[in-house]
Structure formats: structure tokens, C-alpha cells
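Participant: The residues making up each chain are set out below.
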Amino acid sequence: MTAGTGEPVKDGAPEAPGPRTLARRRRRASAARFWREYRTHRAGLVGLAALALFALVALTAPLTVGSDVSSVTGAPGQPLETPSGEFWLGTDRFGRDLLGLVVWGSRVSLLVGLLAAALCVAIGTLVGITAGHFKGAYATVVMRITDWFLVMPTLVLAIALATVMSRSLGTVVLAIGVTSWPTTARLVRAQTLAVEARPYIERARALGGGHRHIMVRHVLPNVMPLVLAQTTLMISSSILAEATLAFLGLGDPTVVSWGGLLQDAREAGSVSSGNWSYLVPPGLAIAGVALAFTLCGRAVESVLNPRLGVAR
Amino acid sequence: MTAEAPLTAAVEAAAPAVPGPRARTTTRYLRYGAGKVAGAAVSLFAVLVTGFFLFRLIPGDPVKTMTGGRPVSAEQLDSYRREFGLDLPLWQQFTEYCGKALTGDLGTSYQFHTPVVDKISEALPNTLILTGTAFVLYTLLGIVLGTRSAWRHGGLGDRLNTGLALTLYSVPSFWLGLLLIIVFSVGIGPVPGLFPTGGMESGGEEGFAHVLDVAHHLVLPVVTLVAVEYGQTLLVARSALLDEMGGDYLTTARAKGLRDDQVRRRHAVPNALLPTVTLVFVNLGRTVAGVILVETVFSWPGLGGLFYQGLSVPDLPLVQGLFLFFAGTVIVMNTLADLVYPLLDPRVGR
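Listed in order, the protein sequences are those of chains A and B. Here my numbering is used: the first residue of the first sequence is 1, the next is one more, and so on. Here my numbering is used: the first residue of the second sequence is 1, the next is one more, and so on.
So here's chain A without its partners, still in its complex pose:
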């Protein structure tokens, strides 16, 4: 929290290190302090380990399964096979290896989740900092818009956007990103107001710092930890939203994602035939990733803001 651009270096100490070195040292110290605190949250560690596993699976997917796992024409098995030695989770309705598809689908689900969360947090941070910094009419209008988006049924809006735009991953990212930023904006604005009340902002202003300088060099570093926690939580809900859109048939039909696999399973009639081995793996993967990000986000949040006591 104390990371920020430094005070001028006090003289007197022999070979005083430059301001850069000081800032770097301070940042390293605060990162170490953060990690020491984070380690005490067991749920956070579990979430982090699960995330590392999911990231490893997604990144090594081209080596382990290869992109031709999603090809319909070269499917290796018969449609809807039950789990066997060759296909550990059975096959899907086109005869493709379900395990391979779930592994390959992790790439799309994680990518869309990360991008949508990044977009949403970027919008939220921009809106939050500017609304907290420039008070007056601008802030009033912007916060009204934020409140409007906050109560809006997000998914309905995202569905409407995805319906009217072409079916692609970009559409899904955009639809999730532009509908889910208001929580972040509110949090960042509150934090910005708190930061701007501190004396060093007044000092920076007295020394001639402009709006841009204050927002970027002083406020932004101080809201970053909060933004980090918020991003982690947003990724979780973005992955869920992506799966939902794909399940409703609004995703990119040319790529394999977990939500799309569930839609395939439903269309193949695996519900009425009781074929649970087709349905369970993709859903479990979605829930696992979403839970892992939520656990990490809550741990980060409670390290940064112990008063909330969320994970205690």
C-alpha cells in the first residue's frame, strides 16, 4: 500500500542510494510482506496451487493434445463412447476425445476470462480514478451511469450485445467487459477519494503536479493492490459468464470451450440418456477454475484490507 513515488532522499547517510534504488527496495520489501501475509491464508494457497495447475495444463496443451483434437472430420472414435482405456473420459458427439477437448478448452476459457476481466478492470479503474479525482458534475454524471450499469441485469445486457454482434471471441470479451465494470469503478473511486485526502497529494499539487501526474503517479500506485484483488475476482465471474454465453449458443462456434462442450452435451441428449460422463468434466473444470480465482481474490483482499475479515 505504501508503494508510491518516493520522498526526496535524505542526505547524511554515506553513499545514499538513488531514489530509483530506494523505490525498488521498498517495493521488494512490500511484496515480501504481502507474500508473508498471503501464506497464512490456507484457502488462498490452495487456490493459487490450483491456478498454477490449470495454467500449466492450458499452456502445455499444444504439446499434450495438439490442436487437431478439436477437428470433427478426423475424430478418432465413435460418437458418445463411454470412458475406456483409450478415451479416459469417453468421446463427445462427434467421436472426439473428451479429455483432450476439456484440456484444449481450458485455453479459450482462460483466455476469454483473462481478457474480459482485464477490459472490465481497465474501464473500472479509469472511470473510478477520474470520478474520484475530478469531482463535480463530471463525477455525478459518471457515477449515475455506473449505478445504472450496477443494477442492470448484466447477463441480459451481455446476451443482447452478443446477439446483435457477430459470433466471435472478441464479441464475447467485449460483451462481458463492457457490462461488468461498475463494481470495480465504485471500489476504485472510494479508494481514490481516500488517497486524495492524504497530505502528500496536497504537497504534489503545491509542487505543481498536474491532474495527470497526480492520477498516474500518486493515486494509481495506491489503488493498484485493490485493483489486483478485484481483477482476480472478476476473472472468476468472467469465466462463468463466458461459459454461460457459450452454453446459450452465443460463443464462437469455431472454437472449443467448456461452455460450448456443455451445450454440445445437452444437444446430444446426454441429459435424458443419463450420460453423466459427458456432462461432468467440462462443468467441473469451470467450477474449479472459478473457485480457484475466487479463493485467491479473497485471500488477496483480506491481506490488503484485514478489517473486512473476509477469510477469517
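By construction, these hints were calculated from the structure, which means they are not laboratory data. Heads up, some of the hints might be wrong.
Unchecked claim - In silico contact screen, one side only, chain B against chain A (beta carbon under 10 Å); selected entries:
| id | residue |
| --- | --- |
| 1 | 39 |
| 2 | 50 |
| 3 | 55 |
| 4 | 162 |
| 5 | 169 |
| 6 | 183 |
| 7 | 284 |
| 8 | 307 |
| 9 | 319 |
| 10 | 330 |
Claimed, not checked - To list a few chain B residues with every Cβ distance to chain A over 10 Å, as calculated:
| id | residue |
| --- | --- |
| 11 | 28 |
| 12 | 128 |
| 13 | 195 |
| 14 | 212 |
Note that the structure is predicted; figures quoted are calculated from it, not measured. Quick reminder that beta carbons are idealized off the backbone N, C-alpha and C, glycines included.
Take the given structure of chain A and dock chain B to it, following the hints.
Facilitator: Same frame as chain A, but now just chain B:
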């Protein structure tokens, strides 16, 4: 207030223009209420505008989408354009659309060839049965479990409760619904199907048997909705009560000799309830999403299922109408909640 009363009476006698405390409170409440209502009106108008422009972003000709690629003569296309008002300039389309929406005309569905409003009013009661039941259950469950969890925070019960809530919160509702259908409707192995796979009634029953039948169909969808939604209420109620736990008034209550249970129920929980209820209403938008998915999965003949039917065509007037309806309802509910709070809690809106 009582101590002030003689003083204010004296002031009132001296200067009758100055309103008394009660009148002042009423004026303040009216001003607060008027602000909220005006804000809601602006929000509703914004929904209207969004609905209009969102559904005119569509690439291509809506009339061609409507005819679904069938070979249609140019005159027929023209007559469709006239019928849906698509031959007018944009601003005229907009004013016409606003006027119609305000008088309750949301256009005609492409696929059913009936007014969208009729479809909505047909499906609304079914959705209200499902959502209402689930809403009451998950709010109660969330508050009861959340406050218990916070009261003994850090204990085994708290950790189990929070863990379960977080897990269910991360589960996609449609997936949970599908799994419940497999386990409890289709049946796994020796277990027979206990509940119907979907729909709202088997048909043929009258009177009380019909009510029982609907309730039987209601079980799985409600369980799904409650399971994915109660976690949020639980977490909010838990942190709201944790915020109250350090309060001096709780120490006072204990010092009076009240039992622990009484301190919780009579003193701590009522104070934690208000922020919880606020967030329950703000989160209504999320519930709408849950309803769409659950109704789709369980083929419940409600608004959510209708929305899904509209999406797959795409039946734009239907999707647009439902968008307006969902967004409008959420805004109106939130405003009603805003108007009721100050009557429940004197700290709000004064």
C-alpha cells in the same frame, strides 16, 4: 426527540413558518423520495434508449433476418418494412418506438406472430412462482447461515459454511441444473427418477392435485436457483454482521446479562440486516441471469425460457421486449427498496 419537544414547541409558537421536527422529517423524506423517483425515471429512459440502439446495431437488414433467407419478392420486403416501421428515418422510428413502449406495445414477435406483451403476460406468472419461491428461500437461507457463520467466525461451522457457499457460487447454474436432472429425474443406476425432468405441470389434474403437481415440478428448479444464489447473500450477511461485532452496544447488551443468543438475534442481526437487504436488491440483476438459465434447462414456461427461444431465432422484438422488461423491473424493484429503507432505518436518507 422527546427532550427537544418543548423547545421546538416554543420555537414553533414564536415562528410558525419554521416546521416542526416531524414535518421536517416528512419534507426531507419527500425530497429524498422525489430524487430517487426522478433518478429511476432517467434510468428507465436510458434503458429505452439502449434497447432501441442495441437492436439497430445488427449488421444486415432486419427484414432479411426476419424472412430467414426465404425467397421473398421485393414488394413483400417493402410491405414488411412498412409494417415494422423500418422505412422511416431513424429519429422518427425512435419517437414511435418510445411512444409505443410507453403505452405497453412492444411490437410483434417474429416467430409467434403475436404481440410480445401477450407472450410476456402469459409467461410472467410462471416466472413469478419460480423466482418468488427461490428468492424468499435463498434470502432467508443466506441471512440465517451468514449471521450464524459470522457469530462464530473462524470456527469449523463458519469454515464449512463459507467454503460450501463459495463452491456453489462458482458452479455454473445451468450445469448444476443438468446434473440434478440426471440424478433426480432420469435416475442413476438403481435410483429411480424422483422428479419430473422439466415443464411446469403434467396436465389433467384439477384443484389441489394441480397445485401439488406444480410444486412437484418446482422442486428441482428452485433447488438449483437457491444453491447458486444463496452464497452471495450469505457472504454479504456475514461481513455485515462482522462489521457490527465490535460495537459497544453489544458489550452493553451482554453486560445487561442477556444470553448470547438474545444478543445476536435482538441486537446485532437487526443492524446487520439493512446492508444485506440493500445488496439483495442490487443483486436482483444476477438472479435474472440465473432465472434465464434455470428456466432454459428445466423447460419452465416462463420469461427466461421465452428469452432463450427468442435468442435462438433471433426473434429481435421478443428479445428487445424482454430486455426492456427485465431491466425495467430490476430498476423499479431497486427504487421501491430505496423508498422503503428510510421508513425501516432512520439512519438512511436523512
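Participant: Next step is simple, just say for each hint if it's right about the structure.
Facilitator: So, going through the hints one by one against the coordinates:
1. 39: This hint holds: residue 39 of chain B lies near chain A, its Cβ roughly 7 Å from the closest one there, short of 10 Å.
2. 50: Given a least distance of 8 Å, the restraint on residue 50 of chain B holds.
3. 55: 6 Å, holds
4. 162: 8 Å, holds
5. 169: 7 Å, holds
6. 183: OK, holds: residue 183 of chain B within 10 Å of chain A, min 8 Å.
7. 284: With a closest approach of 8 Å, the residue 284 of chain B hint holds.
8. 307: 8 Å, holds
9. 319: Since the shortest Cβ distance to chain A is 6 Å, the answer is holds.
10. 330: 6 Å, holds
11. 28: 20 Å, holds
12. 128: Holds: least Cβ distance 16 Å, greater than 10 Å.
13. 195: Check passes; 13 Å lies beyond 10 Å.
14. 212: Label holds. Min Cβ-Cβ 24 Å, cutoff 10 Å.
The structure fails none of the hints (numbered hints given earlier).
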